[in-house]
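Asker: Here is what each chain is made of, one letter per residue.
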Amino acid sequence: MRYNLPTSDGRFGRFGGRYVPETLMEALSDLEESYLRLRDDPSFRRELDYMLREYAGRPTPLYYAENLTRMVGGAKIYLKREDLLHGGAHKINNTLGQGLLAKRMGKRRVIAETGAGQHGVATAMACAVLGLRCEIYMGEIDMERQRMNVQRMKLLGAEVHPVSSGSKTLKDAINEAIRDWVTNVETTYYLLGSCVGPHPYPMIVRDFQSVIGLETKRQILEKEGRLPDYIVACVGGGSNAIGIFHPFIEDHEVKLIGVEAGGEGEALGKHSASLVRGLEGILHGALTYVLQDEDGQIAGTHSIAAGLDYPAVGPEHAYLKETGRAQYFTVTDEEALQAFLALSRTEGILPALESAHALAYAMKLAENIGKDEIIVVNLSGRGDKDLETVLRRLGG
Amino acid sequence: MNGIEERFKRARRIGRSLFIPYITGGYPDMETCRRILEVMAETGVEIIELGIPFSDPIADGVTIQEATFKALQAGTTPKKVLELAKDISSKHDVSIVILTYLNPVYRMGLRRFMEEASSHGVGGVIIPDLPLEEAGPVKRIAMEHGVSLVLLAAPTTSDERLARILDETMGFAYLVSLTGTTGERESLPPTAIQLLRRSRGLNPEKPVAVGFGVSRPDQAVELARLGADGIIVGSRIISEIKRSTSNPEKAVERLVKGFVEALSNSGQRPPP
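Protein chains in written order, with numbering that gives the first Met the number 0: chain A, 0 to 395; chain B, 0 to 271.
Just to be clear, a hint being listed does not mean it is correct.
[Unchecked claim] Heads up, simulated DSS-like pairs for lysine-lysine below, C-alpha to C-alpha not over 27 Å straight-line:
no.: 1; chain 1: B; residue 1: Lys69; chain 2: A; residue 2: Lys167
no.: 2; chain 1: A; residue 1: Lys167; chain 2: B; residue 2: Lys241
no.: 3; chain 1: A; residue 1: Lys269; chain 2: B; residue 2: Lys69
Honestly, the hints are just simulated from the structure, not real lab data. The structure presented is a predicted model; accordingly, all values stated were derived computationally and were not measured.
Only chain B is shown next, with the shape it has when bound in the complex:
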């Protein structure tokens, strides 16, 4: 099942928030990446964010930049990452959301990219350098192929824009927790909480997932209690893989389990 929005709605009905891990496709190498994805899917994760590496990732901090560079050096291509998505989504009950920048999508051709995404079981696409104003043509083609184009909102987004983003985004809205790039932070930024409150206030229906700077289960639980439908963690996972060269799958499994369990035990989401 690839219905991302349905997954969030079902989770909401039972008072749960979804943990969404991110990994750069092809990091640290294609085979290890595949095994890590398997482990994620087997650890109770319903949505995985999978990156197609791009040479110039302006929204990413050092950790994901390094993973991107390494994956590209290892010969990762958009096509190979899509194959990986197909492998995982065909074997597991998990939705794959692709994260990439606009240029690789544009080079493949918007239509061909969405066709390929769809035929490879991809449920959604996140493009951090594609803001609302430029998203129209991409969204139209994504819709034709049953792929959700996920839009991002940021702390600097005005209420008026935020309402439009929540209205236009498909599947869920990606709330960028802070003004900055991806990367681990010691504490939850106050901007994350404000943006989450504003989003839920403006559009109580639309699922929202918070990303950038979330690195610990207690932070995830706090966001869940404030009404986040999903919590996205990327850099923390990448640095765990980097640290655990001997058995990265095991390390990721432990980490993911920690988040999933913390979120399923929190159980205090406010009613929708």
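This is chain A alone, in the form it adopts within the complex:
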């Protein structure tokens, strides 16, 4: 059966939907309508393809990590090099797509949330090049942790609004962006950075990120003459993972593995593993898996990787988990750090700590399966942004 989700009411099985204040309902319908119209519009496609190629640097290589493979001594490990994109992460695939969409919809003011600052930077870049006004919401704690990204956003012409409510991190930045959107809905485009939120965002973000999986498929067929046995990607909100998974969903011989942040332990508040340890719930407009207490209050989260530090996950991942089409596991802070070091030394690539979670799982997996098997790891971002964190951990 063809995989054709979400349904017209934004459902992946029972997950997803549109749980937002009434004020936003017409705006979400407009967005959906505009997107569905432009998605198949050749001039829109042409413009986006041009920007992805000439500005962002697509296609990215699918690199055979021969040294790492030898070190692990198992299955062949390939890296999809999203870290080589402009801005240093996969985020630009989505911000260029939605930036063009905003422009075609006649919205000149763009708002976005950011956690680690990667989506904020990618949004600021897209807005600068497309001539859009850009305002970014960022939790005060994240601004402190990621000072360089705050400076980058400002240099790129964005205004950065500190968010001091709640836990002062990504979830609160999203709350504040939604509040801004509720207030300025008629003039403003909300450029959401992951495959979360109300319909149609999980679909739009997935579609713009699917370029990762489409390229991977073509590249692996060229190099190996067959599809990989495993695809491994890290999952915070889940946009890089859904981007590489989606074109393979109907290829049942390819196992899809999402890796969540196991942080420092299994207790609530010590990790960000919404799929592995969360409960069904509603956050930021979607029914999905959510880290929460018994009263339904959203829990605090932790991860060494700021980009994974989010208490919910895209509803399509909730569906893929439930149907068993994808499997989800956790990797701890320490394991991610070790993978970061291993890749740096064997291949001369500093991976983002987020991507290092996928890598850590892939290395364990490679060891335990045959040498003739193939694993593709989505190397979603580069690790330069994480140097302070890594050095602090190593020094301490």
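Use these hints to put chain B onto chain A, whose structure you have.
Answerer: Same frame as chain A, now just chain B:
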């Protein structure tokens, strides 16, 4: 008596609009909150909106966010707020309408939540992140338990949707006066007046209450004259409590009295 719609209809017959105060359950602490609710019920209020605090209140402005945070820090739970509702509704002739977000309801379980609401004397439930399209299953279970699920309409709601919301909502429709979050505003937004006119035009029967941004009795009176059956005031009450640390009950009493009297003296509601 918990018949919310009956209260509005009776008020309409005598040309009155109802003042509906809001307080976050457990704010500033459980005991003070209880005394404030008592005072509200004794000051001629027929319907009280009582909040079950949720950690991520996306429809609320800074004032109610802070109250929510404080109430949660003080250990407020959905169960405790429901107990509070039971206390007040069993002692006074007042209808309690619970305001909360969908996740706490979902976590308790839709059926259990509605059962508990019903057995605790709750007349209605308002869930700002539950729009018309997603409301079906919640409404069905609410109806089975005799609880009204109140839907919201906003200035951005098209006429076609507005007609459906007015048709589907139970008890009354909650008209969000502006595009934005809760919080006090200097003047009544023109969008409030337009939405009120559209609603009354599309469905003259269904009671409507206006909320978000209303903070003064003269604004309430203006809305009443334009046909609002109820006027909901939240942030103004929360900030009054915050200001009056020594005797918040007294301060709320004075404030509520001001609204109730202004509305009962206005007496110029257009005939239904």
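Asker: Confirm or reject each hint.
Answerer: Hint-by-hint comparison with the structure:
Only pairs whose Cα atoms come within 27 Å are accepted, and B:Lys69 paired with A:Lys167 is accepted, the gap being roughly 16 Å. Annotation: proposed proximity of A:Lys167 to B:Lys241 holds, straight-line Cα distance about 23 Å (limit 27 Å). Of the supplied pair hints, the one linking A:Lys269 and B:Lys69 holds, its CA atoms being roughly 23 Å apart against a limit of 27 Å.
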